[in-house]
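Generate the whole structure from the sequences, applying the supplied hints.
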Amino acid sequence: MSSFLGLQHKRDCKFKQAQRAERIRALPAVYHTPLLAEDRKTLATPVEQLVKDVQSGAMQPLDVLRSYGKAALQAHAKTNCLTEVMLASAEDWVRASSREEEEDDDDDKGPINLKGPLAGVPISLKDTIVVGGYDATVGYSGFTHQEQAADGAAVRLLKDAGAVPFVKTNVPITLLSFESTNDVWGRCTNPHNPAYSPGGDGVVDPSPACRRAVTLVADALRAAGHTVVPVGPDGGQEPPNSSSSSSGIPAVPDPYEGLRLAALLLNADGCQTYESNRRIGEWQDTGARQMRTLAALPAPLRYLYYLWVRYVRRDTVWAGLVRDWGAKSASENWQLVAQREAYRERWFQWWDAANVDVLITPPNATPALPHDAMHDAVSSCGYTFLFNLLDYTAGILPVTRVDKSKDQLPSGFSLRKLNGVAQGALKHYDAEAMHGLPVGVQVVGRRLEEEKVLAAMKRVEDALGNNKYQLLELD
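In full-length UniProt numbering, the protein residues as written are 1 to 475.
Simulated from the structure, these hints should not be mistaken for laboratory data. Beta carbons: idealized from backbone N, C-alpha and C, even for Gly. Keep in mind that the hints are not guaranteed to be accurate.
As a list, the in silico BS3-like pairs of lysine-lysine whose alpha-carbon atoms are at most 25 Å apart [said to hold, decoys possible]:
(1) K78 <-> K115
(2) K468 <-> K458
(3) K458 <-> K41
(4) K468 <-> K41
(5) K41 <-> K52
(6) K52 <-> K404
(7) K417 <-> K406
(8) K126 <-> K404
(9) K78 <-> K41
(10) K10 <-> K52
(11) K417 <-> K404
Restraint-style ranges between C-beta atoms, simulated for each label pair [claimed, not checked]:
(12) Q148 <-> L474: 48 to 58 Å
(13) G186 <-> P298: 34 to 44 Å
(14) Q335 <-> Q146: 33 to 43 Å
(15) S405 <-> A224: 23 to 33 Å
(16) P46 <-> E341: 45 to 55 Å
(17) Q148 <-> P410: 45 to 55 Å
This is how it looks when you write it as structure tokens:
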């Protein structure tokens, strides 16, 4: 039985990759030609102007789609980033919608609202998002051959706003990793360096490159006239026992508590949910495998491991995560939920008292990691994990690149002196090898503040001026 399931897994993976290749091959010839000057002009057009041009008829949505489609296929050829290629369907949606717009038939609107606020904007979706007529595999071979009957809510909203879904992009199996790798679609690589993943807290200090990115943005915003003050669990400037920084901003609630609560709640079932979808022989993310191994340890053995980490290694951070790992009873889960809500309340009170507009943080402790580094870095995602736990709005934008001359670890740096979470994150940091990789910042607002966060991200780009990040040029 196990050998049969293993063979079925391989067959399904082979089928999906062949299906993707055939969908690309069968596209109209225009998609297989180099980018023309007109394509590059379309790709360089700001989205707000593109929408106006589509609504006014100055640009045709089908031409916009084809320019974006050609760019996506070129990116895929370099990085293996695409999963479901929906360009053929997208062309049908655009044609049908354009016809209805021309006929001005209010009773029979096309699938896409080409008068909406996102009129004609091609949009890529993660492989988790449900689009009618296509699989949503999340990287599991067991979810292949399950074409969805209808669009999910997110896709319906996007189409109603005028957006045109045209491709889906690769994700980590389990969605618990920085690496977009799985057996169904293969390994997605970083366009700047194929040896690295594309990337996909207060517990781990940011690496020099990530710290420099935040400093770069802070200095640019100050120069543009904005008030920027440091914040953190120590108030940003003062020693850990201080209640506020010299700027008067109170210390934020302990980010480590947020990481711990998020990790325990996410895996409260002992990692059974994501493991139950994995077939025999299916590749498992190295970080997820480590979490599963810890969860499967008998409680007495896990407690002995906790004691060794806490009192022999003297690592209170990693010990605190290990101690309560494993499946939770219903009562224990309710207690964790209560702790989460209390933690959210402390953050709510902090934000009211601090009276800040947004936070600028690193997205992660390091730039993109080498492939398979998640075995070590699985617990180091606190900068994003924290705001997921709080249900806050966050957006990430690249601002600079790793510079081997500026971003070396300080002299005297010792990995062994760090806690276990920080060791896993910084073990693979190498400014020489990472030279040229993009480094971003995370802009964070409160719940339901998407517009404010997007506006703040635009302010960051404007403040950087001529120093703003330049995207890779397509061939």
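Hints, one by one, checked against the model:
no.: 1; hint: K78 <-> K115; verdict: violated, 35 Å
no.: 2; hint: K468 <-> K458; verdict: holds, 11 Å
no.: 3; hint: K458 <-> K41; verdict: holds, 21 Å
no.: 4; hint: K468 <-> K41; verdict: holds, 19 Å
no.: 5; hint: K41 <-> K52; verdict: holds, 15 Å
no.: 6; hint: K52 <-> K404; verdict: violated, 43 Å
no.: 7; hint: K417 <-> K406; verdict: holds, 23 Å
no.: 8; hint: K126 <-> K404; verdict: violated, 32 Å
no.: 9; hint: K78 <-> K41; verdict: holds, 22 Å
no.: 10; hint: K10 <-> K52; verdict: violated, 47 Å
no.: 11; hint: K417 <-> K404; verdict: holds, 23 Å
no.: 12; hint: Q148 <-> L474: 48 to 58 Å; verdict: violated, 31 Å
no.: 13; hint: G186 <-> P298: 34 to 44 Å; verdict: holds, 37 Å
no.: 14; hint: Q335 <-> Q146: 33 to 43 Å; verdict: holds, 36 Å
no.: 15; hint: S405 <-> A224: 23 to 33 Å; verdict: holds, 27 Å
no.: 16; hint: P46 <-> E341: 45 to 55 Å; verdict: violated, 40 Å
no.: 17; hint: Q148 <-> P410: 45 to 55 Å; verdict: holds, 51 Å
When held up to the earlier numbered hints, the structure conflicts with 1, 6, 8, 10, 12, 16 and fits the remainder.
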